[in-house]
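Asks: Per the working numbering, residue 216 is the first one in the sequence shown, and the count goes up by one each step.
By construction, these hints were calculated from the structure, which means they are not laboratory data. Fair warning: this is a prediction, and the values are worked out from it, not measured in the lab. Warning: the hint list may mix true and false statements.
Per label pair, the in silico range of CB-to-CB distance [said to hold, decoys possible]:
1. A278 with L228: 31 to 41 Å
2. Q261 with V230: 37 to 47 Å
3. S281 with V229: 16 to 26 Å
4. V229 with N255: 26 to 36 Å
5. E219 with S280: 19 to 29 Å
6. H248 with D270: 36 to 46 Å
7. S281 with S236: 41 to 51 Å
8. A233 with S280: 34 to 44 Å
9. D221 with H248: 34 to 44 Å
10. R274 with D221: 15 to 25 Å
Ideal placement from N, C-alpha and C gives every residue a C-beta, glycine not left out.
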Amino acid sequence: MLRECDGLVEAVLVVVSAAVSDQLLVDDCVIEHCVCLLRNISFACQEVVEPHYLDTKARRRSARSSTASTHISTV
Numbered sequence: 216m217l218r219e220c221d222g223l224v225e226a227v228l229v230v231v232s233a234a235v236s237d238q239l240l241v242d243d244c245v246i247e248h249c250v251c252l253l254r255n256i257s258f259a260c261q262e263v264v265e266p267h268y269l270d271t272k273a274r275r276r277s278a279r280s281s282t283a284s285t286h287i288s289t290v
């Protein structure tokens with residue numbers, strides 16, 4: 216798994232830093248992919264700390280959206 220790779224985050228940060236320092240690569244897909252990778256790793260880390268984090272988050276979101284739609288239909 217990615218989160219178990221030693222030095223991965225540091226390597227990705229080096230790639231992003233190099234791309235940002237070279238003004239020509241700021242809008243490049245490399246940065247987008249690196250940021251997405253870091254975001255996905257952070258969600259995975261949260262899931263390790265709180266095993267049902269993603270399930271709980273999805274249930275909360277679902278509950279909010281159903282409450283909002285109920286509120287709209289009763290107005």
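Asks: Could you run down the list of hints and mark each one as holding or not?
Replies: Do the hints match the structure? See the list:
no.	hint	in the structure
1	A278 with L228: 31 to 41 Å	holds, 36 Å
2	Q261 with V230: 37 to 47 Å	violated, 23 Å
3	S281 with V229: 16 to 26 Å	violated, 44 Å
4	V229 with N255: 26 to 36 Å	violated, 18 Å
5	E219 with S280: 19 to 29 Å	violated, 35 Å
6	H248 with D270: 36 to 46 Å	violated, 27 Å
7	S281 with S236: 41 to 51 Å	holds, 47 Å
8	A233 with S280: 34 to 44 Å	holds, 41 Å
9	D221 with H248: 34 to 44 Å	violated, 20 Å
10	R274 with D221: 15 to 25 Å	violated, 34 Å
Hints 2, 3, 4, 5, 6, 9, 10, counting from the list given before, are not met by this structure.
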